[in-house]
Amino acid sequence: MSTNQRGFVQQVWDFFCSLKLTLFVLITLAITSIIGTVIPQYPNIDERYWATISAGRKLLYERLGFFDMYHSWWFLALLTLFSVNLIACSIKRLPHVFKFVSEPALTISETQQKIFPSKDLKLSGSLDESRDTLAAFLSSHFSSPTITQVGNQYHLFAQKNAWCRLGVYVVHFSILVIMAGTIIGNVWGYKGFVAIVEGETVNTIKARNGKDIALGFEVKCDQFTVSFYDAPGGGGPSQMPKEFKSILTLTENGKEVPGYKHARVVVNEPLSYKGITFYQSSYGQANDPSTFFFTVKNRANGKTDQIALRPGSQTRLSDGRLISIVDLTDNPGEGTAAVLSVTDKGTEPKFFKVFKNNPGLDDLRGDSFIFTFVGTDARMYTGLQVNKDPGVWVVWTGCIMMCLGLCIAFFMSHKRVWIVVQHGYARIYGNASKNQPAFMTEFEALAEELQKQNI
Amino acid sequence: MLSAKLFNATTIFYMASTLAFIGFLASRNKTVGLIGTGLAWIGFAVQTAAIGLRWKESYDIGLGHAPMSNLYESVVFFAWSIVLIFGIIDIKYRYRIIGAFVMPFALMGMAWAQLYLPTDINPLMPALQSNWLLYHVITCFLGYAAFAVACGVSIMYLIKAKSEEKGNEAAGGLMSQFPPTRVLDDLNYKAIMVGFPLLTLGIITGAAWANYAWGTYWSWDPKETWSLIVWFVYAAFLHARFTKGWVGKRAAWLSIIGFAATIFCYLGVNLLLSGLHSYGNLN
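If you're matching them up, the sequences are chains A and B in order. Residue numbers for the first sequence follow my numbering, so the first one is 1 and each next one is one higher. Residue numbers for the second sequence follow my numbering, so the first one is 1 and each next one is one higher.
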């Protein structure tokens, strides 16, 4: 390798090790991340959004990967650069720090003697006696010292929490651990969804990429229920849902899985079996043929009848008009409602909504018949998010490492004390890697205690 | 309800405290500064009682959850956290004048909450019914509060640095009240040193909760992304201190930008963008 080449390699290496690169990457990540919070991201793009932007802009955004920004090549490249920078910095600095921790400077240099705070001490005993007494003092009041002879002096060195200098590398490494965890989850895990109608059983789910995945066991939905908060001031339930609850039973090879009979799944309390987890995610009415029940009150004579409607078929009312159910809606704030259609001979059908939780409302329509929605024998289905993520524990391990590393890096300091002993005279020096004011208080107390001793 | 009256009293105490600190800034009278701190502590005690009472009141009306579940409650808790962090720094470092640049944040929060936000105690939607709510909100807001203090200190740093550049350090001037830039820089760093681990913990508890509720610990939702943006900015700040040319003013600016990003993450995302934290909306 020529000098030029080596120079180039060195430059590249220095580039990847530099803190300026760290700042550049962190600030660039911060700024570019904004894009995906402003531009809608796949798969959550509302169809109406496309009408609000021009075709040219759409093409530009697509080319730049802005509709799936956090997985675009350039964002992943930035994250890779971030990791490379992290690893390079660690490779460059860690050996030094490790040496500093494992092979500390046992003697104090002249430069250090000039800059580190110090206190003087008069000694009356012999040099060896004084040395041993001072060593015993450090052992009992700080930590046990190592003694080195330098000419006619002894250097006593004691330290605390040397390993806390590694805290920052624990934080850096934890970022890589978290990234590894997400990669493991993406490669060996999946996210999917399954809708199970009450009383039915499934053994496959649909992954996000559209593939069917066999679970290896069966899941039966025994029941799905929604409960509501009481309306303020009483008077029955409000529209505010309190709990979505699925009751599931798991079977494997035709046998019930012990502990998974009538298992409960609510939001914030998922169900896990064999590394696969089920989360309560959505619900709805099964669209299998079912019957809807209504009461019909004749406004003129007050007579009330019961009718049962099935989607796709018509029923004749007592005045000869035809009635059918065309839709069932469940909008937030208004609850379940049936959309009915009434057709008089030779006229256009009239559509109107009958709300389940608001029985008096149809009166206001002014028709000769007043409808109330009694209920249905329709079955519910539960929508479950189904995940397998073998990397999630790696991610949590990384998170715990990061918290511990931050605490070590920010709140602990490496404290060092030296005592230089010579005949009739000694001087104590101190140094801390962080939080000097707090260390000074500790150091001064230590020196004061030392001066009180009769050595 | 009694808690509502106590929250009003809190707002008045914080306003009085802010005024006292401004008076301290102008008069350089130590007693006025002491009064400012005293009023802040009284307001803090009243607010603590009010939060506790609101918690109890939510049980009385049959809902029973920690008072941290909607925008009003979170703004109130934010103001409480700011005063707490300011109080701790005041006890530890005794630079009372910082109050003039920190208490206004607490006052603005309380005034906005009391005057403009709906104060009802709402039932919790299913996704919020979790113990993670408490851990997540407490860690996040204590972190945000530390950043608010850091921002106030950074503003002081920039003012002080500017006056030093101009050579306006005449003895007895307004600036003589300010701690030296070295101390302000150190306080800025200390506040962020407290805020950064708390924010990290806030993001992690949020991710853990999302994993329980929705089965995914990270989905690049705007709220998650913005919390990460804030994390990146403060991570840059922490590294800037070891980088030539980034110490001092640039670090102070990073701290101010970091707090602006924090406020956007907290309010901007709810009010302007859509996503998982939509229950924090005004309507």
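Among the hints, a few may not be true.
[Claimed, not checked] In silico DSBU-like links for lysine-lysine, alpha-carbon gap of 30 Å or less:
(1) B:Lys92 <-> B:Lys162
(2) B:Lys56 <-> A:Lys434
(3) A:Lys92 <-> B:Lys56
(4) A:Lys245 <-> B:Lys56
(5) B:Lys92 <-> A:Lys434
For the record, the hints were derived by calculation from the structure and aren't laboratory data. Keep in mind the model is a prediction, meaning the values are calculated, not measured.
Status of each hint after checking the structure:
| no. | hint | in the structure |
| --- | --- | --- |
| 1 | B:Lys92 <-> B:Lys162 | holds, 27 Å |
| 2 | B:Lys56 <-> A:Lys434 | violated, 43 Å |
| 3 | A:Lys92 <-> B:Lys56 | violated, 56 Å |
| 4 | A:Lys245 <-> B:Lys56 | holds, 28 Å |
| 5 | B:Lys92 <-> A:Lys434 | holds, 16 Å |
Checked against the numbered hints above, the structure breaks hints 2, 3 and satisfies the rest.
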